[in-house]
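Asker: Could you slot chain B onto chain A? The hints should help.
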Amino acid sequence: MDWLHHDERVALWLSVQISLRSVLLCLPPALAVAWLLARRRFRGRVLVDALVHLPMVLPPVAVGYLLLITFGTQGPVGGWLQRVFGVTLIFTRNGAALATAVMTFPVVVRALRLSLENVDPGLEDAARMLGAGPLDRFWSVTLPLMLPGLLAGMIMAFSAGLGEFGAVITFVSNIPGETRTLPLALYTALQSPGGEASAARLAAISIALGLAGLLLAEWFARRVRRMLGR
Amino acid sequence: MLRVRVAKRRGAFALAAEFEMPTPGVAALFGRSGCGKSTLIDLIAGLLDPDEGRIELDGEVLVDTDRRTRIPAERRGIGYVFQDARLFPHLKVAANLRYGARRARGPHFAVFGEVVELLALGPLLGRRTHQLSGGEKQRVAIARALLGQPRLLLLDEPLASLDAARRDEVLPYLERLRDQLEIPMVYVSHQFEEVLRLATHVVLIDAGRTIAAGAIGPMSLRPELRDIVGAEAVGAVVDGEILRIEADSGLAVLRVGTGEMRIGADSAVARQRVRVQILARDVIVATAEPKALSVRNALAGRITRIAEDAGDSRLVTIDLGGAEILARVTVSAARELALAPGRDVWALVKTVSISAQRLRRL
Chain A
1 MDWLHHDERV ALWLSVQISL RSVLLCLPPA LAVAWLLARR RFRGRVLVDA LVHLPMVLPP
61 VAVGYLLLIT FGTQGPVGGW LQRVFGVTLI FTRNGAALAT AVMTFPVVVR ALRLSLENVD
121 PGLEDAARML GAGPLDRFWS VTLPLMLPGL LAGMIMAFSA GLGEFGAVIT FVSNIPGETR
181 TLPLALYTAL QSPGGEASAA RLAAISIALG LAGLLLAEWF ARRVRRMLGR
Chain B
231 MLRVRVAKRR GAFALAAEFE MPTPGVAALF GRSGCGKSTL IDLIAGLLDP DEGRIELDGE
291 VLVDTDRRTR IPAERRGIGY VFQDARLFPH LKVAANLRYG ARRARGPHFA VFGEVVELLA
351 LGPLLGRRTH QLSGGEKQRV AIARALLGQP RLLLLDEPLA SLDAARRDEV LPYLERLRDQ
411 LEIPMVYVSH QFEEVLRLAT HVVLIDAGRT IAAGAIGPMS LRPELRDIVG AEAVGAVVDG
471 EILRIEADSG LAVLRVGTGE MRIGADSAVA RQRVRVQILA RDVIVATAEP KALSVRNALA
531 GRITRIAEDA GDSRLVTIDL GGAEILARVT VSAARELALA PGRDVWALVK TVSISAQRLR
591 RL
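Those sequence lines, one after another, are chains A and B.
Just so we're aligned: 171 in the working numbering is position 171 of the first sequence, and the numbers increase by one with no gaps anywhere.
Count along the second sequence starting at 1, add 230, and that's the number in the working numbering.
Accuracy of the hints is not assured; some may be wrong.
What the hints assert, rightly or not - Taking beta-carbon pairs under 10 Å as the criterion, some of the chain A residues facing chain B (in silico):
id : residue
1  : P29
2  : V61
3  : D125
4  : A127
5  : G131
6  : A132
7  : P144
8  : R223
9  : V224
Claimed, not checked - Just so you have them, the derived chain A footprint on chain B, three or more residues with Cβ under 8 Å:
id : segment
10 : 298-306
11 : 373-380
12 : 445-458
Keep in mind that the hints were calculated from the coordinates and are not lab data.
Keep in mind the model is a prediction, meaning the values are calculated, not measured.
For glycine and all other residues, C-beta sits at the position ideal for the given N, C-alpha and C.
In isolation and in its complexed conformation, chain B is listed as follows:
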C-alpha cells in the first residue's frame, strides 16, 4: 500500500494531495499540465520535501513531518523514469544499466539478462547514449530504473517527449512490466489513452488538489473527469470476460455485469479478461425493451444516478448488475422519459462503438 498525504508550497503554487493505492498496482496521476502531478511524484521520490505531511510505502514511513522522519531519496528504494530519460552521457548503455544495478539494495527481482530481453536492449548495449532514438532512450531509462530493484517505480510522463509511433513502441513494454514483474507503479500522464491502457487506479488532480482517487472503473464514472478529458472522451471503463467467440458473426461475446455484449474484436480469445471503454455518447437509454433495432446490444439495468453534464445534457449512470456504464442524454429526453434514479431502463450500446483498440488485456 502506498499512502500519501502531503502539502507543498512552491512560490504561488500550492499542492495538497491525499491518496492511497494498493501495491502491486498501477496508479495514474492524471490531470492537466501544470496541475501539480510532477511535484507530487517528486515528493514521493524524495527529490522534494513536503512542507507538511506523511508518505508511507508498504508500512515504511518515507517522510513524516510530524515525526521529523525523512529517508533521503537515494535510500528509498524507489525507481524513477523521467520524461527526458536522463541517461548518463559519459557512459555507454550497458554501463548506464549497471549504474543502478550496482547500487541496488533490497531483494533482487530484476535480473540483468531478463530485463535486457524484456525491453529488447541487446543490440543497444555497446552504444553511446547520444546514438539512441527517443524511444530507445526511454526503454534504456526504464531498464536502468528496474535494475535498481525498486519497490516502486515512478514514471513522469515517460512517453510525452515521443511521437505517436515511438509511444506505441514503448507502451507495450510498460504493460509487460505491470503484467510480468508486477512492480507497483505511479504513472504521471495527461494522456487518457495511456491511463486506460496501464492504470489500475486513477488519482485525479486539478489545480494542486487531488479531487478523487480510486480504482479505474468507478473513477471513470466521476463527472470531474469530464473537465479534464473533455466531454467527448467521457465513458465508463468496464472490465469483463470474453465468454465465447460467435462462429457465424465473428463477434466476441463479453460479459458485463449480468448482461452480455457483442463486440467486434479481432484478437480476442475466449476466457480472456479484457478492459473496454464504453463512451457515454455511444449509449442510448430506452425505457421499454427495444424490438426491431439495428443496435445489437440491449442490456437491462437500473439508473443509479443522474449528473449534470456540459450544455443541455445529463450523464446517466446505469447499473448493469455489477458493472456501471454512463449514458449521455439531453435534458429534454431525460424529462420526457422521466428518467430518475431507481428506474429500470435498457441501455443500447452500438456494437461498433467498442473497437478492438479499446480492448486491453489485464
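Chain A extracted, bound-state conformation:
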C-alpha cells in the first residue's frame, strides 16, 4: 500500500475499524427487532417497522443532529454514559461507530428479517418437540438456517458503513486519526488545493472495497445455499 499516503492509510484503517464496530454494535438489537417483526404479531408493529426504517428516509445530517442532542455530553444518554462509565461518544471513533450503526440499522434489520422469514417455523416446532427450549432452538436451528442472510447482511452493513458521511461528520466531526474516515478524508482532500490525486486514490479504494463487499456477500450466500441444498 505504498501508493497510499500516510493520512490516507490512517483514514482507511480507521474506516475499517469503525465500520466493524458499528456492525457488531447494531447486530444484537437488529436481530431482536427482526425477530419481533418476522415472528410476532403485536399492536404497534407497523410503527416499529416505520421507526426502524426512519434513518433511510431522514437526511443523515438530521440523524447526526439527533445523536448529538441525545448522546452529547449534555444529552440525556450521553451525560449518563459519561457519569456512570466515563464513556464519551462525541468526537470519538466509538461515536462514529454509533452513528454508522444507526444509519445501517435498517439495512441490517431488513436482511435479517428476510432470512428469518425464510426459516420454516415448522422446523422450530420440530426442535421444540425434540426437547429444545426457546434459546436452544434459536441457537441450534434458527440461527444456522438464517446464516446466509445474516452474513450477507453483515457484509453489506460493513460495506455501507465504510461510506457513512453525513451522520458521522455531524455527530463526531472530522478529526484526523480519530473520526476522519474514508469519505471524510475524500471530502477534505477535495476541499484542499492540490488534493485531486489523493481524492482519486480514496475514491478508488472506496469503489474497490464496496465491490469486494458485494461480491463476497454473494459468494458466501451461494456457498451456504449449496450446503443446504437449496
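Answerer: Relative to chain A, chain B alone:
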C-alpha cells in the same frame, strides 16, 4: 392412559374433543381432511393451547385450563412425526438423529444403534437431508423422534406425502415400533387401510367433534364410520386366532367368536393371532342352516342390532359368540326374512372375501 378433553376455536373452526386411550396402544384419529385431527394432535403436543380443557398422560397433567397448569411442549416428553418430516437441512442425518437424543429426558429405552437398525438407516447416516427420498426422510424423522425417548409418539399423517410404494416401505417400520418397542402412539390418518394395519383404538372425528372412540373391533361396527370410509369399505374388524392350516385345501382355519372360518392365507401360521376385516357387503344372512352351497363359511349367530344404511339397505350386526360382524341386506330382504334383533341366523361369508392382505399380525 391418555385422557383428552379439550375445546379450541380457531377462526370459524371449532374443535371439541374428548377421548381416552390405554398406553401402550395405538389410537388412530380418523376422519375426513379438515375435520380437526391435526389441531387435536397439536393440542396434545403442546404446540397449541386449548381454550378450555385438560390433557393427562399416564397420570401427569399436561395442560389444565381450570388449574392454569401448562407444561410447555418441549418438556412434555412427547415425540412428533410431522407429515413433511421436517428434518433440519443444516445437519446431516446422524446429527438430526442425535439432536433429539441429546435433549432426551426420562428413562431411555431407544438405543441409537438399535433404532438405526430398526429403521434401516445405517447407509444414510452420513447423508445430507436433501439427498434422501421421501420414504427415507420419513424413516429418519421417525427415528429422530424415537431417540428423544418419548412417552408418547404423535404421528400426523406420516405417510400422506408418499406414493403407494413408499407408503408400503414405511408402514412395516411403524408396525415394528408398535410390536417391538410398545411405544404408545396417536396416529392421524384419513386412510382407513393404515388405521386397520396400525391402530388398536380408533377416535372418530367429524367437523371438529369426536363422535365415537374405542377399541377398533367395536368401532368398526359403528354406523358413523360409513360416512367417512364410504359404504363399500364398511366391515367388521375381527381379531382371531389361526387354529390350523388344512393340509388338503391349504386354507387357514380361523376362530371367530365360537365359530370357525376358512380363509385363504399364504403366510399364515397356526396359533398366530391375526386381524381380519370382513366387509359387510361380503356377508349373506340366512334364517335356516344352508345346505349345498358354494360358500364355505356358514357361522351361527344372533342378530344384535339393525341399523340404517345408505339407500335401500340395512346394516345387520350379528354376534358370532363373542365376535360381532356386519352384514348388508336390502330393506325388502330384511322384511321378508323378518330379521330383527334377537333372531338366530346364519352368516355366510364368502371364503374369497378375506384376503391375505387384510390379515395382520397383532
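Asker: Each hint should be assessed against the structure and marked as holding or not.
Answerer: These are the hints, each one checked on the structure:
1. P29: 25 Å, violated
2. V61: 43 Å, violated
3. D125: 6 Å, holds
4. A127: 7 Å, holds
5. G131: 3 Å, holds
6. A132: 6 Å, holds
7. P144: 5 Å, holds
8. R223: Nearest chain B Cβ about 13 Å off; hint violated.
9. V224: Hint on V224(A): holds, closest Cβ of chain B at ~9 Å, below 10 Å.
10. 298-306: holds (count 4)
11. 373-380: holds (count 3)
12. 445-458: Since three or more residues must qualify, the claim that chain A covers the segment 445-458 of chain B is violated, with 0 doing so at under 8 Å.
Against the hints set out earlier in the document, violations occur for numbers 1, 2, 8 and 12.
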